[in-house]
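Quick mapping for you: the protein sequence lines, in order, are chains A, B and C.
Using this note's numbering, you'd call the opening residue of the first sequence number 192 and step up by one each time.
Using this note's numbering, you'd call the opening residue of the second sequence number 282 and step up by one each time.
Using this note's numbering, you'd call the opening residue of the third sequence number 273 and step up by one each time.
A couple of the hints might just be wrong.
[Said to hold, decoys possible] Quick list of in silico lysine-lysine cross-link-like pairs, PhoX-like style, CA-CA up to 20 Å:
(1) Lys361(B) <-> Lys298(C)
(2) Lys298(C) <-> Lys616(B)
(3) Lys322(B) <-> Lys441(B)
(4) Lys656(A) <-> Lys562(A)
Note that these hints are calculated values from the structure, not bench results.
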Amino acid sequence: MTAAVLQNVLASVGGLPSIEFSSVAPSIILALGGVLLLTVVSVTKDKLPVWFPAVWTISAAVAALCTVFRLWIRVGKWGNLSLISGAVGLDRFSLFVIGTLCVSVVMGALLLEGYLRREDLEGPEWYVLLLLAAAGGTTMAAANDLIVLFIGLEILSIAVYILSAMHRRRMSSLESGLKYFIHGAFASAFLLYGIAMVYGATGSTNLARISTFLADNVITQNGLMLGGIALMLVGFAFKVAAVPFHQWAPDVYQGAPTPVSAFMAAAVKTAAFAGMIRVFVLALGPTYRDEWRPMVLALAVLSLLVGSVMALVQTNVKRMLAYSSIGHAGFILVAVHSSTAMGTSAALFYLLSYTFMVMGSFGVVAVVGRKGDGHHQLSDYRGLGRIRPGLALAFTIFLLAQAGVPLTAGFLSKFYVIRSAIDSGDTALGVVAMLAAVIAAFLYLRVIVAMYFEGEPGDEVAPVKVPAAVSVAIGIALAGTLLLGIVPDPVTHAANEATAELVAPRR
Amino acid sequence: MDPLLSGNVDLMTVVVVLLKVLVAFAGLLVAVMGMVWFERKALADMENRFGPNRAGPFGILQTLADGMKLSFKEDLLPEKADRFVFRLAPLLAVIPAFLTFAIVPLAGNFSNGNDGVVEILGHKTFMQVADPQMGILWMLAMSSIAVYGIVLAGWSSGSKYPLLGSVRASAQMVSYEAALGLSIATVLLIGGMLSTNQIVAGQYGLRWNLWMTGIVPFFIFIIAGTAELNRPPFDLVEAEQELVGGFHTEYSSMRFAMFFLAEFMNAVTMSAIIVTLFLGGPSGPTFGITGWISDYVLPFIYFFLKVLLFLYMFAFFRGTLPRFRYDQLMDLGWKFLIPLALGWFLLLATVRVAADQGWNLPLTVVVCLAVLAAGAGLLRAAIRNSEHAEAMAAGSVAKDASEVDV
Amino acid sequence: MRVEMFTFLLAGAICLGGALGVVLLKNPVHNALSLVATLFGVAVLFVNQGAYFLAAIQVIVYAGAIVILFLFVIMLLGVDRETDEGREPLVAQRPLAVATGLAILGLSLVALLSAGQRATGDKADLAPLNQPGPDINHLAEVLFTRYVYAFEITAVLLTVAVVGAVVLSKRTNEPLIDLDEFPEGTVVDVRRRADDAKAQDEVDADAEVVAVPDTEGDPQEGGDD
Numbered sequence: 192m193t194a195a196v197l198q199n200v201l202a203s204v205g206g207l208p209s210i211e212f213s214s215v216a217p218s219i220i221l222a223l224g225g226v227l228l229l230t231v232v233s234v235t236k237d238k239l240p241v242w243f244p245a246v247w248t249i250s251a252a253v254a255a256l257c258t259v260f261r262l263w264i265r266v267g268k269w270g271n272l273s274l275i276s277g278a279v280g281l282d283r284f285s286l287f288v289i290g291t292l293c294v295s296v297v298m299g300a301l302l303l304e305g306y307l308r309r310e311d312l313e314g315p316e317w318y319v320l321l322l323l324a325a326a327g328g329t330t331m332a333a334a335n336d337l338i339v340l341f342i343g344l345e346i347l348s349i350a351v352y353i354l355s356a357m358h359r360r361r362m363s364s365l366e367s368g369l370k371y372f373i374h375g376a377f378a379s380a381f382l383l384y385g386i387a388m389v390y391g392a393t394g395s396t397n398l399a400r401i402s403t404f405l406a407d408n409v410i411t412q413n414g415l416m417l418g419g420i421a422l423m424l425v426g427f428a429f430k431v432a433a434v435p436f437h438q439w440a441p442d443v444y445q446g447a448p449t450p451v452s453a454f455m456a457a458a459v460k461t462a463a464f465a466g467m468i469r470v471f472v473l474a475l476g477p478t479y480r481d482e483w484r485p486m487v488l489a490l491a492v493l494s495l496l497v498g499s500v501m502a503l504v505q506t507n508v509k510r511m512l513a514y515s516s517i518g519h520a521g522f523i524l525v526a527v528h529s530s531t532a533m534g535t536s537a538a539l540f541y542l543l544s545y546t547f548m549v550m551g552s553f554g555v556v557a558v559v560g561r562k563g564d565g566h567h568q569l570s571d572y573r574g575l576g577r578i579r580p581g582l583a584l585a586f587t588i589f590l591l592a593q594a595g596v597p598l599t600a601g602f603l604s605k606f607y608v609i610r611s612a613i614d615s616g617d618t619a620l621g622v623v624a625m626l627a628a629v630i631a632a633f634l635y636l637r638v639i640v641a642m643y644f645e646g647e648p649g650d651e652v653a654p655v656k657v658p659a660a661v662s663v664a665i666g667i668a669l670a671g672t673l674l675l676g677i678v679p680d681p682v683t684h685a686a687n688e689a690t691a692e693l694v695a696p697r698r
Numbered sequence: 282m283d284p285l286l287s288g289n290v291d292l293m294t295v296v297v298v299l300l301k302v303l304v305a306f307a308g309l310l311v312a313v314m315g316m317v318w319f320e321r322k323a324l325a326d327m328e329n330r331f332g333p334n335r336a337g338p339f340g341i342l343q344t345l346a347d348g349m350k351l352s353f354k355e356d357l358l359p360e361k362a363d364r365f366v367f368r369l370a371p372l373l374a375v376i377p378a379f380l381t382f383a384i385v386p387l388a389g390n391f392s393n394g395n396d397g398v399v400e401i402l403g404h405k406t407f408m409q410v411a412d413p414q415m416g417i418l419w420m421l422a423m424s425s426i427a428v429y430g431i432v433l434a435g436w437s438s439g440s441k442y443p444l445l446g447s448v449r450a451s452a453q454m455v456s457y458e459a460a461l462g463l464s465i466a467t468v469l470l471i472g473g474m475l476s477t478n479q480i481v482a483g484q485y486g487l488r489w490n491l492w493m494t495g496i497v498p499f500f501i502f503i504i505a506g507t508a509e510l511n512r513p514p515f516d517l518v519e520a521e522q523e524l525v526g527g528f529h530t531e532y533s534s535m536r537f538a539m540f541f542l543a544e545f546m547n548a549v550t551m552s553a554i555i556v557t558l559f560l561g562g563p564s565g566p567t568f569g570i571t572g573w574i575s576d577y578v579l580p581f582i583y584f585f586l587k588v589l590l591f592l593y594m595f596a597f598f599r600g601t602l603p604r605f606r607y608d609q610l611m612d613l614g615w616k617f618l619i620p621l622a623l624g625w626f627l628l629l630a631t632v633r634v635a636a637d638q639g640w641n642l643p644l645t646v647v648v649c650l651a652v653l654a655a656g657a658g659l660l661r662a663a664i665r666n667s668e669h670a671e672a673m674a675a676g677s678v679a680k681d682a683s684e685v686d687v
Numbered sequence: 273m274r275v276e277m278f279t280f281l282l283a284g285a286i287c288l289g290g291a292l293g294v295v296l297l298k299n300p301v302h303n304a305l306s307l308v309a310t311l312f313g314v315a316v317l318f319v320n321q322g323a324y325f326l327a328a329i330q331v332i333v334y335a336g337a338i339v340i341l342f343l344f345v346i347m348l349l350g351v352d353r354e355t356d357e358g359r360e361p362l363v364a365q366r367p368l369a370v371a372t373g374l375a376i377l378g379l380s381l382v383a384l385l386s387a388g389q390r391a392t393g394d395k396a397d398l399a400p401l402n403q404p405g406p407d408i409n410h411l412a413e414v415l416f417t418r419y420v421y422a423f424e425i426t427a428v429l430l431t432v433a434v435v436g437a438v439v440l441s442k443r444t445n446e447p448l449i450d451l452d453e454f455p456e457g458t459v460v461d462v463r464r465r466a467d468d469a470k471a472q473d474e475v476d477a478d479a480e481v482v483a484v485p486d487t488e489g490d491p492q493e494g495g496d497d
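With the sequences and hints as input, model every part of the structure.
Set out below in structure tokens:
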């Protein structure tokens, strides 16, 4: 290959791309943090203190969070950018999502620290996978290209499959890992098939190019495009556990180690919704919204109703939270369905507040599960209000927040979602969402009743130990839940600013 | 691409292709016969005995005699065998061995930057059966297929020892294919081309990849290639003390002969590939002679002599080296060869970038070597740590067991 | 008939035949071999399209590494017997699977056939690949320009996979516990459960039970602290 030919070819693809490392700094910090942690620990195995991996992980996540703030200001100065030959979209939407993911990494690491010590499972691999999973999520959030989106999703998913199977002494953990892996592989295959079809129909995997192509051209034969949209939607619906693609969620949430369930509920959902919004609202929103919105509507309504109703009949609290997370997915789908900037910011606000609420809830579940991570029946919560009033109060607040009680984050997030639905003319959908919230409130009350009012005062209650790290995590979650409910303005403002934009790559 | 196929395809083109296939196939078979005889003679020499010396001059027809004997033996089909796969396996061993040979340039004038084009029956062509675009990857693809011959032979025999042999084979060959591929990658980095013809053409005038890639990839290729061939000292697949005859225990008659043929064919082909990749194939000085001598005779002599060197090397390995233990084999492959090949590849890539960017070359090399050494040190520390942890775990298990006994 | 068409039909037939073999044959090793046939057919289709590099990689990676590892596992675990598929764990699973498969096939066919010649829109993304010269060079250029980010982050994906493989294959010497099914904190005797499962499944008499850790030494393990 002579230099002249090389120059020609390079000219035809737009020259060598400049790689702005600073623009993907959060992903780099998280991924590098994971890999470095692995290296450091594998070289100096027994010489490091037990808390080292957790502290390392939290530092990496906080460092990533700092770069997010820096980039936020930079975007404010220079506007949204499309970088690294159009693969990465640097906008406030992706930054908001990345920030949310960093928060869930911090809390996930804190929960894991206490959990692993209790279960005698200390090891750096958990934290390595946590960091790498988060790196995948951040990649996904900023993806401006379907291939990048897919690889980010795979990084995230594979790491979480492994995490959920990593309590190797619990058979249900192994089962949940396998189940999640198989279902997830199916979902990925659907998504990839959909991506291939959309690529076939539009000739590009770049979201900005797809968007402009669809804006400039009318595809006369819609088969490929519609098939691709449907398959991609199936893939995303699997990942966010929307009905009818939710069957894996209860089993997996129940079987996975509880901190991993927390991370799964918060981070996987956040990243998957970010990807979904980028693809459907941004790339396909202007041209194909009439085609995909009915499908999302069906998913949203089914998720809301099935999630709330099925959660009511559960006796296992982890399963209950799993079904309630399906219901929450329904709420966020309502926001996606509106396909407006208002809906997008409602979804972002919802995702951040849900991260706090669900991380806190699962944190409490993790400590109440006691050694062996198996005490998750409603009966195990009897008398918790007496022996651990603080813990019970925190759990009560998280549950009330999930139910949508005012002065908590849950109320405002539900309010914004329903407002966006009504604003885009779907009053009926808003009513369904409110109905689902009412049904779901029952189930949260059941747990609260169990904690405070069930069991006789004389009953012996197995003691519950709350490790320091976990109490810090629960504290953070509590602070987040309440602050977002009482002084939501800064975050609401940020979420409103965090509109996504597809910028065409420079040629 | 072979200039033969770039123009119109007429009858003569077909004839030329057929001719090349025929000559290459016949030549390979003859070479295999020679190789078997040569190896037995060389081994005998090393063990201070005569070796075959009855059939033909110096016993050179011994292989032919053995082949005839084998073809008259009874063809056994074990009762528990999977019939279809049992019959398929020998073919899967032989066919890739021959197909790999198709991409080896056998002759042609490569001196002074010539591209080795010769003219046969009025058509310009290369002296190799095929020059596909995927070039040397073809060899990797075929060696992937060759694994199936061994694995399926062992499995389909319906017997324990062959099965163990094939389980060993599958892990061994897949492991060493990585190191093999990485050392090939360094050659591609230097030449920038996949095509075997162009790889050879790029090595004119003693610019052999042997030193252009810094010798290390050459040794990695030889070691990994020997393992890929399942030849001593990596012949765990057929370690007779442990596995009777290994994967071909249950085979007899012509099917056994096919495995035998495949093994030696692979040895010849691998030697030819080594020569092509690292020793400039058929290229060499032509002493100003032109015409058919410089097109066919001299290059082929060069090629033959170079190949002979490696055939002797394989025989020498068989005669001198003890067999590896299985864990040693895996350690060598994964913990030494692959990291080394990867590191060396990075070094060469950096040197190329340095040359392009006009960096200080010696400094770059020193920095690279320092980084690689640091990486190697980390790897060593990590391996030692994990071995330590494993030993600790094993020790604690033993302790537990003794406690239970008490 | 043109050579390309002939090759396409032949390779397509091999692909489909192999795919059917994967689904219909009963012996796992035969399934794996059918899969190889399919992958080979796909490789030939790639060659037919002029994608030589892709074809080589298809053979090296899929046939040479992945399916070989399938075979490795099949042989190592000794599951290479014919499987009995008469009994169905889920009612009506098979008809549903057939229906779903046909539905997806129908969907794909409708999508493709309705699009016809106008299936693809913008061809610009592929333009660099269609220039003269070996396709590997063009592929490399696209990989290191337009898809450089995707290419690089694949490294993270592989790291995750490696870490996961190592972590999950580490052996644990401690007994399994399952508090979800046995809330009293009893240790589950895996060996007993494996025996029960074996009796239920009517496995062959010579089937080996995977070695399980001995749990009798420490009956309190896994209880509440």
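Practice task
Compare the distance between the alpha carbons of Lys298(C) and Lys616(B) with 20 Å, and conclude whether the hinted pair is satisfied.
Solution key: 39 Å, violated
Taken at face value, is the distance from the CA of Lys562(A) to the CA of Lys656(A) at most 20 Å? 9 Å, holds
Compare the distance between the alpha carbons of Lys361(B) and Lys298(C) with 20 Å, and conclude whether the hinted pair is satisfied.
17 Å, holds
Checklist entry - Given the proposed pairing of Lys322(B) with Lys441(B), does the C-alpha separation stay at or below 20 Å? => result 34 Å, violated
Checked against the numbered hints given earlier, the structure breaks hints 2, 3 and satisfies all the rest.
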